[in-house]
Every structure is written in structure tokens, then in C-alpha cells.
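Peer 1: Listed here are the chains, written in short residue letters.
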Amino acid sequence: MASNNLSQLLPSELIDRCIGSKIRVIMKGDKELVGVLKGFDVYVNMVLEDVTEFEITAEGSRVTKLDQILLNGNNIAILVPGGAPEDVE
Amino acid sequence: LQSGRKETVLDLAKFVDKGVQVKLTGGGQVTGTLKVYDQLLNLVLDGAVESVRDHDDPLKTSDQTRVHGLIVCRGTAVMLVSPTDGTEEIANPFVQPEAVKEQHYCLDKF
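Sequences listed follow chains A and B, in order.
Taken in order, the first sequence gives residues 9 to 97; the numbers are from my numbering.
Taken in order, the second sequence gives residues 554 to 663; the numbers are from my numbering.
Don't read these hints as lab results, they were simulated from the structure.
Built from N, CA and C at the ideal position, the CB exists for glycine as well.
Worth double-checking, as some hints may not be accurate.
Below are the DMTMM-like pairs computed for lysine to aspartate or glutamate, each with C-alpha atoms no more than 25 Å apart in a straight line [claimed, not checked]:
{"hint": "1", "chain 1": "A", "residue 1": "K39", "chain 2": "B", "residue 2": "D616"}
{"hint": "2", "chain 1": "A", "residue 1": "K36", "chain 2": "A", "residue 2": "E57"}
{"hint": "3", "chain 1": "B", "residue 1": "K613", "chain 2": "A", "residue 2": "D38"}
{"hint": "4", "chain 1": "A", "residue 1": "K46", "chain 2": "A", "residue 2": "E21"}
{"hint": "5", "chain 1": "A", "residue 1": "K30", "chain 2": "B", "residue 2": "D599"}
{"hint": "6", "chain 1": "A", "residue 1": "K30", "chain 2": "B", "residue 2": "D591"}
{"hint": "7", "chain 1": "B", "residue 1": "K613", "chain 2": "A", "residue 2": "E63"}
{"hint": "8", "chain 1": "A", "residue 1": "K36", "chain 2": "B", "residue 2": "D609"}
{"hint": "9", "chain 1": "B", "residue 1": "K576", "chain 2": "A", "residue 2": "E21"}
{"hint": "10", "chain 1": "B", "residue 1": "K588", "chain 2": "A", "residue 2": "E21"}
{"hint": "11", "chain 1": "B", "residue 1": "K576", "chain 2": "B", "residue 2": "E641"}
{"hint": "12", "chain 1": "B", "residue 1": "K588", "chain 2": "A", "residue 2": "D24"}
{"hint": "13", "chain 1": "B", "residue 1": "K576", "chain 2": "A", "residue 2": "E61"}
{"hint": "14", "chain 1": "A", "residue 1": "K36", "chain 2": "B", "residue 2": "D599"}
{"hint": "15", "chain 1": "B", "residue 1": "K559", "chain 2": "A", "residue 2": "E21"}
{"hint": "16", "chain 1": "A", "residue 1": "K39", "chain 2": "B", "residue 2": "D610"}
{"hint": "17", "chain 1": "A", "residue 1": "K39", "chain 2": "B", "residue 2": "D607"}
{"hint": "18", "chain 1": "A", "residue 1": "K39", "chain 2": "B", "residue 2": "D599"}
{"hint": "19", "chain 1": "A", "residue 1": "K46", "chain 2": "B", "residue 2": "D591"}
{"hint": "20", "chain 1": "B", "residue 1": "K559", "chain 2": "A", "residue 2": "D49"}
{"hint": "21", "chain 1": "A", "residue 1": "K39", "chain 2": "B", "residue 2": "D609"}
{"hint": "22", "chain 1": "A", "residue 1": "K46", "chain 2": "B", "residue 2": "D599"}
Here are a few chain A residues that face chain B, going by a calculated C-beta distance under 8 Å [said to hold, decoys possible]:
{"hint": "23", "residue": "L14"}
{"hint": "24", "residue": "S15"}
{"hint": "25", "residue": "Q16"}
{"hint": "26", "residue": "L17"}
{"hint": "27", "residue": "L18"}
{"hint": "28", "residue": "L22"}
{"hint": "29", "residue": "I23"}
{"hint": "30", "residue": "K36"}
{"hint": "31", "residue": "G37"}
{"hint": "32", "residue": "V52"}
{"hint": "33", "residue": "T65"}
{"hint": "34", "residue": "A85"}
{"hint": "35", "residue": "L87"}
{"hint": "36", "residue": "P89"}
Model the full assembly from the supplied sequences, consistent with the hints where possible.
Peer 2: The following block contains the structure:
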């Protein structure tokens with residue numbers, strides 16, 4: 009098993025470590041979602057809980073969704089463990 | 554002749570622990586230190602900085618950036634990976650100065 013350094017894990021292993029924690033999912037277009045990762049499959053379709061959806065072009069208009077969603081992995085570009093909103097410089 | 558082996562044309566091993574620029578389908582762009590990759594081109598970048606696109610023109614990147622730290626780039630979205638070392642910004646070579654008149658281009662006879 010890889011040592012506890014997070015940056016040494018395979019991509020799928022790193023995503024697996026995020027299960028139960030907040031994660032930020034950045035889509036290929038201008039959409040982002042932040043929520044708790046419940047699980048994912050080999051295609052990186054994801055089940056997220058307590059999700060907040062952001063539209064990046066409109067300077068962060070938010071749509072808050074509760075419960076669970078199934079996010080289609082087709083358009084996922086970037087995954088950020090932790091999910092904390094970052095400041096735009 | 555085509556290789557029957559299922560491997561990438563670029564071995565990312567030589568970029569591990571080096572700075573890379575990753576362009577994504579959809580127009581996104583990220584730079585960071587490549588830590589891990591897999592056969593499907595999923596990447597783990599450390600110290601990742603995302604270039605934010607212009608709000609009005611999605612084809613242009615603004616000067617704004619977002620720092621994300623440790624991220625996973627999905628291989629299905631990776632369009633380009635290039636090293637940051639050896640890459641530099643240059644003046645636009647496609648802008649014609651005022652004095653240049655219409656140029657004629659001829660094909661040389663082979």
C-alpha cells in the first residue's frame with residue numbers, strides 16, 4: 009500500500025480516499041459542483057450528497073441541491089478533494 | 554506501420570515531479586506538478602493552478618487564476634500535456650506590422 013502521502017496515490021485511489029469528504033467537481037464547461045462524495049464507479053460517475061452547484065460565467069450563481077445526485081462522469085474534467093471554494097485572484 | 558501495443562506516444566514518466574501544463578476539452582487549462590498518472594491519462598497534479606477563462610469570451614483566458622492544490626485531471630478530458638520548463642510566452646507572430654504590404658506566397662516547384 010502506498011505510503012500516506014496523498015500525492016503518491018493513483019488517481020482512482022485518490023478519489024477513493026475522498027469518499028465521505030467534501031469534493032469539488034469541475035466540469036468541462038462552466039459548471040462546478042461541491043458535495044460529499046458517497047461513491048463512484050469505473051467511469052467516474054459519482055454519487056454526491058448535499059450538493060451546491062455553481063455556474064462560473066455568471067460570477068457564481070448558485071443552485072443548492074439536497075439529498076443525493078448521480079453525476080454523469082462524461083463531462084467531468086477536474087476533481088478537487090476538500091472542495092473549499094478558492095478565491096479568484 | 555502501426556504499433557499494436559496499447560501505449561501512449563508520450564511517456565509521462567519523464568514529467569513526474571516536473572511542472573506541466575494540461576489543456577482540457579472544453580477550454581480549461583491547468584498547470585501543476587505532475588505526481589501520478591495512469592494508462593487512461595488520468596493525472597494527479599500537485600499545486601494546481603487553474604487559468605480562468607474570460608467571462609465574455611470563453612476562448613480567451615483572463616489573467617485570473619484559481620489555486621486548487623492537489624487535484625485529479627480526468628483522462629477523458631485531457632487534450633494536451635506539455636512541460637512548463639522550456640515553454641515561454643512570445644510576441645504574437647501572426648500580427649502584421651502596418652508597413653507590410655500584401656504578400657504573395659508561391660509554391661516552389663519540386
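Peer 1: Compare the structure with each hint and give your call.
Peer 2: Quick rundown of the hints versus the structure:
Of the pairs offered as hints, the one joining K39/A and D616/B holds, with about 20 Å between alpha carbons and a cut-off of 25 Å not exceeded. Between K36/A and E57/A the alpha-carbon distance is near 21 Å, which keeps this suggested pair within the 25 Å criterion. The straight-line distance between the Cα atoms of K613/B and D38/A is roughly 14 Å, inside the 25 Å bound, and the hint therefore holds. As the CA atoms of K46/A and E21/A are separated by approximately 14 Å, the hinted pair is consistent with the 25 Å bound.
Between K30/A and D599/B, the direct Cα distance comes to roughly 18 Å. Compliance with the 25 Å bound is thereby established for this hinted pair. A threshold of 25 Å between alpha carbons decides the hint, and for K30/A with D591/B the separation of about 24 Å falls inside it, so the pair holds. Distance hint between K613/B and E63/A is fulfilled; the C-alpha atoms sit about 18 Å from each other, no more than 25 Å. Proposed proximity of K36/A and D609/B is supported: the alpha carbons are some 17 Å apart, at most 25 Å.
A hinted pair counts as satisfied when its Cα atoms are at most 25 Å apart, and K576/B with E21/A qualifies at roughly 23 Å. Under the criterion of a C-alpha separation no larger than 25 Å, the hint pairing K588/B with E21/A is consistent with the structure, at around 13 Å. Restraint check for K576/B and E641/B: the C-alpha separation of about 16 Å stays at or below 25 Å, so the hint holds. Between K588/B and D24/A the CA atoms are separated by roughly 17 Å; this keeps the pair inside 25 Å, and the hint holds.
Between K576/B and E61/A the CA atoms are separated by roughly 23 Å; this keeps the pair inside 25 Å, and the hint holds. For a cut-off of 25 Å, the pair hint linking K36/A to D599/B stands: about 20 Å separates their Cα positions. Between K559/B and E21/A the alpha-carbon distance is near 22 Å, which keeps this suggested pair within the 25 Å criterion. The straight-line distance between the Cα atoms of K39/A and D610/B is roughly 16 Å, inside the 25 Å bound, and the hint therefore holds.
At roughly 15 Å between alpha-carbon atoms, K39/A and D607/B fall within 25 Å of each other, so this suggested pair holds. A distance of roughly 22 Å separates the Cα atoms of K39/A and D599/B; the hinted pair therefore holds under the 25 Å criterion. Restraint check for K46/A and D591/B: the C-alpha separation of about 23 Å stays at or below 25 Å, so the hint holds. Simply put, K559/B and D49/A have alpha-carbon atoms about 23 Å apart, close enough for the 25 Å limit, and the pair holds.
A distance of roughly 15 Å separates the Cα atoms of K39/A and D609/B; the hinted pair therefore holds under the 25 Å criterion. Proposed proximity of K46/A and D599/B is supported: the alpha carbons are some 24 Å apart, at most 25 Å. The beta carbon of L14/A comes within 6 Å of a beta carbon in chain B, closer than 8 Å, and the hint placing it at the interface holds. With a cut of 8 Å, the hint placing S15/A at the interface with chain B holds, because the nearest CB-to-CB distance is about 4 Å.
A cut of 8 Å between beta carbons decides the hint on Q16/A: the least distance to chain B is about 7 Å, and the hint holds. With its C-beta approaching chain B no nearer than about 7 Å, L17/A sits inside the 8 Å limit, and its interface hint holds. For L18/A, the interface hint holds, since its Cβ comes within 8 Å of a Cβ in chain B; the closest pair sits about 6 Å apart. For the restraint placing L22/A at the interface with chain B, the shortest Cβ-Cβ distance is roughly 6 Å, inside the 8 Å limit, so the hint holds.
A hinted interface residue such as I23/A counts as satisfied when its beta carbon comes closer than 8 Å to some beta carbon of chain B; here the least separation is about 6 Å, so the hint holds. Here the hint on K36/A is kept, as its CB sits about 3 Å from the closest CB of chain B, short of 8 Å. Interface restraint check: G37/A against chain B, minimum CB-CB distance 6 Å, threshold 8 Å, status holds. At about 6 Å, the closest approach between the beta carbon of V52/A and any beta carbon in chain B falls short of 8 Å, and the interface hint on this residue holds.
Interface hint status for T65/A: upheld, as the beta-carbon distance to the closest one in chain B is roughly 6 Å, under 8 Å. Here the hint on A85/A is kept, as its CB sits about 4 Å from the closest CB of chain B, short of 8 Å. The interface hint given for L87/A holds, since its Cβ lies 4 Å from the closest Cβ of chain B, which is under the 8 Å cut-off. The beta carbon of P89/A is positioned within 8 Å of a beta carbon in chain B (closest approach about 6 Å), and the interface hint is therefore held.
Of the hints listed earlier, there is not a single one the structure fails to meet.
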